[in-house]
Structures are given as structure tokens and as C-alpha cells.
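Student: What follows is each chain in one-letter form.
Number of protein chains: 2
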Amino acid sequence: MNERRSRRSGGRSGNMRDQSAHAIQQMPWRVPLNTDHPTEPLRPEGVAAIHDAAMRVLEEIGIEFLNAEARDYLRAGGCEVTGETVRMDRALVMEKVALAPRQFDIIPRNPARRVTMGGGHMAFVNVSSPPNAMDLDRGRRVGDFASFQDLVKLTQYFNCLHVVGGYPVEPVDIHASVRHLDCLFAKLTLTDKVVHAYSLGPERVEDVIEMARIASGLGQAEFESAPRLFTNINSSSPLKHDWPMLDGAMRFARRGQPVIVTPFTLAGAMAPVTMAGAVVQSVAEALAAIVLLQIVRPGTPVMIGTFTSNVDMRSGAPAFGTPEYVRATQMTGQMARFYGLPLRASNACASNAPDAQAMWESMNSLWSAAQAGVNLVYHAAGWLEGGLIASYEKFVMDCEVLQQFQRYFDPALTDTSPEALAVEAMAEVGPRGHFFGSSHTQSRYTTAFYAPFLSDWRNYEAWAEDGALQADQRANRIWKAILAEFDPPPMDDAIRDELADFVARRKREGGAPTDF
Amino acid sequence: MNERRSRRSGGRSGNMRDQSAHAIQQMPWRVPLNTDHPTEPLRPEGVAAIHDAAMRVLEEIGIEFLNAEARDYLRAGGCEVTGETVRMDRALVMEKVALAPRQFDIIPRNPARRVTMGGGHMAFVNVSSPPNAMDLDRGRRVGDFASFQDLVKLTQYFNCLHVVGGYPVEPVDIHASVRHLDCLFAKLTLTDKVVHAYSLGPERVEDVIEMARIASGLGQAEFESAPRLFTNINSSSPLKHDWPMLDGAMRFARRGQPVIVTPFTLAGAMAPVTMAGAVVQSVAEALAAIVLLQIVRPGTPVMIGTFTSNVDMRSGAPAFGTPEYVRATQMTGQMARFYGLPLRASNACASNAPDAQAMWESMNSLWSAAQAGVNLVYHAAGWLEGGLIASYEKFVMDCEVLQQFQRYFDPALTDTSPEALAVEAMAEVGPRGHFFGSSHTQSRYTTAFYAPFLSDWRNYEAWAEDGALQADQRANRIWKAILAEFDPPPMDDAIRDELADFVARRKREGGAPTDF
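Chains as they are written, first to last, in the working numbering: chain A, 1 to 516; chain B, 1001 to 1516.
These aren't lab readings, by the way, just hints derived from the structure by calculation.
Note that the structure is a prediction, hence the values are computed from the model and not measured.
Partner residues are not named here, just some residues of chain B that face chain A (Cβ under 7 Å, in silico):
#1 Asp1036
#2 Pro1041
#3 Val1057
#4 Thr1322
#5 Met1359
#6 Arg1407
#7 Tyr1408
#8 Met1426
#9 Ser1455
Beyond 12 Å from chain A on every Cβ pair, some chain B residues (computed):
#10 Gly1119
#11 Val1172
#12 Phe1185
#13 Ser1225
#14 Ala1226
#15 Pro1298
#16 Ala1504
Beta carbons are placed, not taken as given, at the ideal position from N, Cα and C, and that holds for glycine.
Whenever a hint applies, use it, and build me the whole structure from the sequences.
Tutor: See below:
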């Protein structure tokens, strides 16, 4: 362990926080329920056209599966396998996809942090996998375990984040053979939320599932009786699934654990330059892996992921939160509903700093997620530079905005009951009064409006007097205050010991191979 | 004239700009057509409930009209007038509102800049009326005519702005008696887009309409045969319309010129603390004035405006771009469609700096406008501090984002033609290739994706090497480059002389009274 903390059996942050004496006052834990009708740019003919094209890709062109075991499953399941290329007809695809649940829960070690994937639920995950960390004090630097732990703590702290994604920054100061052991120990002890595990080779996958089982306090059979953690695999676009991702996905499926399949289809680079074409390819790649997982274990909980964006055609650099990205996400939402699958997208941006550009791109990404009916928003807090930077300040800014989405979906905002219509209050106040002091206001004002922890709504003079701090500077103060007060959630001492012993043993055994 | 420029009969910016050798490469002039189905949080019963409540306000509580002429019109039109309070029954309201056109065009001196108000059209207006200007070099300062002219030039320059709103900053270095003369001369000569006139007393209104007529080159009758400019009036919430606004609105109506009626209903202050209640009050106040205008001249083109937001209940400060603001805008959109009226909203924010907060609040405002089917977005570029600052850098940032909305509504993004679906391109590239060099990409790449002028999509190293400029700093460079190259649109010398003579004469006469 890089960090061995004093034994404690409890912590203030284990449950819904109270609203006093903390770094910030935040909203309570709640997975927003998206009640808006989705934005649907495609008419039914458009949905049918994308479906038909995706089926033609699977039937005529095929997908490369660079994993012999996966090809064996697919062949046995009725696919046509030629070398590494697998073709499957649309009847088979639709039959297998229909086996996947439309909605499922993942239950972490603290059952109160259960998250539903599917339906109208919109859950948020911290940034995952950047190689670099950045903050205003230290600038951009290669990721390390200290930053990793900081960002895991922020993920636990913010009630608006529901899932602990992949490594919030890659801790390159820990050797790759044992990195997964230290990282999962930190995630499982510093948080009590749903955790993700990378599909990076059999040993890591088995280690991580076992650690999640130990943390849950459950026996093997009970643990595997329901989703407890999840993995996400990316296709190697175009039209290819690599060995380790497939291996991990199949291991998760065999244990009844959920798999998200997220093609990374950058239009103009690894996918067609047209957005519909990129969506077709993304859907085909995702469905191909989902068919595999339904053959491995019918009913495996899966999600379709979208990561369709475009490149800057001048430089080839990826762009995110663009108009094309928004439309691709909305179109993929229509396709996910067509197939009856829960959907994952991202809060992505290309900016190199936690500045205005970062937020206009992120807001495009988040609004597109809301409009597309996305169920799980990856990288919801902290992502910069197209995923190459985990930013402490962006993390805090994003959480401010995520809370606003949580509030946006509060039905109270559109209540049209007689009390909400307030005709009597208007009669009482009349044209010469104001509503500050009215009884209608007084009985509601403490909860009537969203209360930000980061947005500064004071007038210019008060703001300037207080240092004229911009949003990133205020966010800087906030993450420091949060880390200073952080308490980990409670964990039984015996479980903590068993986890630590597991990690120690696996380290003695040399960890996992690094030649994948 | 504070500024007397050399005579020139033409300028490069008079028409759609070409895409070379300019400060920026921008998209061509085009009013976006919003093809999305609106986001409708209210079910039909909710719309009916808000309508019924608004009608009860008009029938039972009444609205104060602080203008005797207006009350005379209303009495003659069938309303019940008691002192300054006017009550009107719902049958009368609906009969009069039905006289307003669902859609109309405003035709400025350059007919190519005609803008349709209504239908799916979504036009953008620059920031209007802040008392202060701000930029990164000079900080926040009281507005002056130099800043006014700068911001008018930016409004003309950016093709994504379609209408020249009120004063983009208040030029307090010009005496109030003649300010409207210099300001309108500047707006009419530095731009060729639709202009707005304030309803600030009879003399100003008459002067401004006459100046717009001179600029149009049309005779009185032809000028008044169609909408050529517009005004916006605000109610004095709660439940009150003031004298000068009503006077100006009636003058516009008598000449067939459009009037936007925009209550400023801050929930918890001048309106009920519940969002539905604030919307009820806003709708009632707006409809009351619209009824007046339809009595004055049946068929007067009008728009319903929404400016419903909430205050910070801790400080009383107004907040914008909040979750409550978004829902209020969406609900008002439903009501505007119910009444068959075009809708105006705003790109509002509360931030004191052109920072990340400014953009997350603005993006909430802009997305809510798109979701509500808003036809005219006021303050679309340059607004900060709840409308107290006109920011040069925010202006440029907003235009970047407005262009993205223009692109977002381009049907090409959701084209599902066989060529767009790109199955053949995928077959050609296969799992081992990439799409950069494919013929499908090569024939489309120059126009396939939105090309930003402000967003920086380079990787961190290239961006840092180039100075690590944040979005506001890059915006600062851009407005300077634009102002350095600005050329006014063409205007006939005789018209320019006539305008100047009019201004000189009215100044000799002492301008307008300042005791309104």
C-alpha cells in the first residue's frame, strides 16, 4: 500500500451528508430521472436506414474478433467465421440483443449506492484514464498515485457522482504489474460507490472481481447473483475487437457482471466522415460484441456506448462537444432505444485549460446526453484535452453543473398545482408590492431555487472586493477544502484486512503480466 | 456626430463575406431554422392550468396601465377600467391575441438582411443596454460612445448575429437628450441589419422611426407598409405597464412596426417564488399589452418575451442560466405556441467575468432557447453580470457558440442518405485501414465538420508552445483584429447626408426631453 491509513470504522461521508460545516453545501445523493422526451433528429425512416446499414456491415463486411475463444463462441452461436472475420445475419443479431435486459441495477458494497442503468436514469461517472493530472498550482504533470487518490476522494465526496469509473488519472508511479491492486484497494476503501474494472488481461480482471467480492462481504455465489461492478470495452475501430478487451468482457459476462461496449468512432479518422456513417459503424461494432456476450451468457447486462465525434480536418486532432458530436449522440440515443439497450455517453471536451471553452464544449456534451436519454455519463467530472488531462478544477466545475442537471430534473420546477400557480399570492402582493416578504415566498424560499456551491452570483463590486476570482480559481479553493476534510466511508475492519492481505499476497506473487 | 468618417460608398462587409484574408473565417449569414421538436415539460393539462391562471390574473386582479391613452384604447376595446387598473376577460384576450400574426418579417435597409420572426426561425441579437463595458485590457468601466461603436461594429461583422439590438452599451458620455440621435446614426451607418429602438418617450421614438425611414430610402407610406424596425417594452412587474413603454409601443403599433413585450419576472422578487407562478404572471403581463396593441391596430406584429428567472435567496441578486431559468423558458415556449405568438428569450448569465461560469450559464440559456423554440435570442453576444456589463471577450465567445448552433441546425448532420450511411466506404477501408485517405472522406472533408474560429483543438504541447492562451485571451486578440479590419456596409451618399442633416437639425432643436 502506498497509503496505509489509521483504522477507523466510520466516516461522515458514508451516507448522505448533512448540510453544515463542510467545504461546500451540496445536494443529496440522487440519480436524476430524465423525464424529458428525447430530442430525435431522425424520423423513423432514418432510424430504419441506420439499422439496415449497421446490419449490412455485420452481414456483408463483418467484424474482426482478435480472440480465438470469442470466435469459437460466435461460431457455435451461429455466426459465419472466416479467419478472424465474423459475419452475423440480422435475425441472429436481433435475437441475441433481445436477450439483454433493458434495465439493470449495479449494487456496490454499500447497497444504498445502488445505481440503475437504463430507463430514465442518468448517472454520472468521474473522469477515467487520462495520463496526466493538472491543477492551477502545479500545472500539468504525469499522473501519479497521490493525484489518483485525490480524485477518487473527490468522486466519493460529490453526491452528484454515482459511479467510480476507471482510474481518474493513470498512476504511472506504480508498476503496471501491481497497479490494479493498489488502485482497486484505494477505490474500494476510499469510496462505497459502484466501481469499474479495466479489461486488461485475465489476471487483472480476476483480481479486481475478487477484490470487489471481498469488499462486498458476500460469498462467491451471492456476489455473482447480481451486478456488483462493471467493465467497459472499446472496439479497435474500424470494425475490430482486440484480445484483452474481449477476454475481460467474456469473464465479466460469465460472472453475470455488466459490460459496456463503446466504440471510439472519430468521424473522418477511424470512422466515415459523415455522422450517420460513423453512427452506423459504432452501432455495428457495439452490437457485434453484445451478440458475443449474449452467446457467452444469455441475459448478460450490457450497455451500448457512444463515443462518436469528429476530428479537426486541419490537424487530425479529435474534437468533442461539437455540433456533430451532439447530433451523433442524439442519433445513437434513438438507436439504443430501437435496440432496447441502456446507453452510455461522455462529458467530453477538447480544451487544454479549465476555461470558458472547456465549459461550452462540456455543456454541449451534457445537454446532448440529456437530450439523447443517456443513462450513464462517463467522464462527467474532470476531463480536459480530449481525455489526456484529469483537471482538479474542471472536476469541481463539472460537479457544479451536474448538480444543476440534477435540479433541472426535479419535478418541482414544473409543478402547476394551484399553489404553484400562485394566483392568490399575486392578488395579495398586487402591482405595488414585491414578493420577498409574501407568505407564499416565505414558506418556500429555502428550497425554491438551486443553490450553487461554485457559481458566484454576487454583484461585481462584492465579487471584486473578494478578489475577483474566476470560476477556476474558486474551484481551486474548493477541492483543497474538500480534500482537507475528507473522511472515507465506513468499512468493516475484517473486510479491510482481508482486502489488504489479498493485495499483499498478489504482490508477493508478482502481480499481473505486463506483456499484454 | 461624434464620428464623421470619410465618405465611402461600399465596404467588404456589406454582403456575405468571403472566407479569406480576414480576422477570422466565419460561417455565412443564415438565420438558423430550428427543426427540433421542442422540449415540453408541461403536459396539456399543465398548459391549460397556466393559461387559466393567467386569465384569472387578467380577469380578477387586473393590470395597471399607467398611461391614460392606453386605458382609453382598452376601455373602448371592451376592457373594464377602474382607476389605473384594467381587467379583461378571457374571450376578449383570446380574440385580440388571435389578430397577431404567427410570423412576420422585419426588413432593414439592406433587404438581404431580412429576418423572419416566428416559425422555426432562431435569430440572434447582440447584448443590449448594459451601463458598463469591459475588456481584458481596460477592465470594467462606464459605457461610452467609443465602446458603443466598437460593439456595433462587432454586431455587424459577425454573420451569426442577425439583429442590432438596443445600445450594446449605454454611451453615457453623450447627453441623454441627443444620445438616441448619435446612437441610431451609428447603428444605421455601421450596420445594415434590423435595428431596435427604445420606447423612451415620444420624441425619441418618432426620431428613431424617421431615421430608419431615411436609411431605408423609402417614402413614409411604403416604409410603414411592412415591419422595418422594432421596439421592446418591459412591464414593470408585478402587474404594471409604465407610461413611456406604453407610449412607444402604441406609436410603433400605429405605424405597423413590431413590438416585443417582455415582462421581467424574477421569481421570488417581482414574481411568485414558484416557476409556474412566475410564468403565469409573465404571460398575463405580456398578453395585457398585446391586447392593447391589437386594439390600437389589429394585426400589429408582436412577440411575447420571457425574462423569467430566479433570485439568489441569500442575497436577492438575480441569477440567470439556472435550472429554474431553463424550465421557465421551456414552459413559456409552450405557452407562446398555445397563443400562436413568436417568442423572444435571452442568452443570460450572472458571471462577472468572461470565464467558465459565464459559459455554463450562457449554454444553459442558449440550449433552453433552442428547446423552447425561441425565435429571437436577445443578448446573444456579450452579456455579463446579469446585464450590467457588455464584455468584448464574451461577445466573441458567444459568437463562437452561436455559430455552433447554426451548424447544429444544419440538416447535413443528420443526413441518412445511402452516401451518408457510408457502408461502401466502410467496406473499402476495412478493419485494417483508416478513413483519412478514403475517397468518401476526401470528397467531403472541407465541409464535413464545424470549423471554429475561437475554440482551440490543438494538443496541449502545441497550445502551450503558442502561449497557453485561454479562451478569453484568444477572444481578446480576435475582437482587436476584427475592429482593425472593419469596413462599414455600403450606404448611398445622399441617404447618409440626409441622415446626418436630420441629426444635426434635431440637435439644434435640443433633442428630446430628459424628464421622462
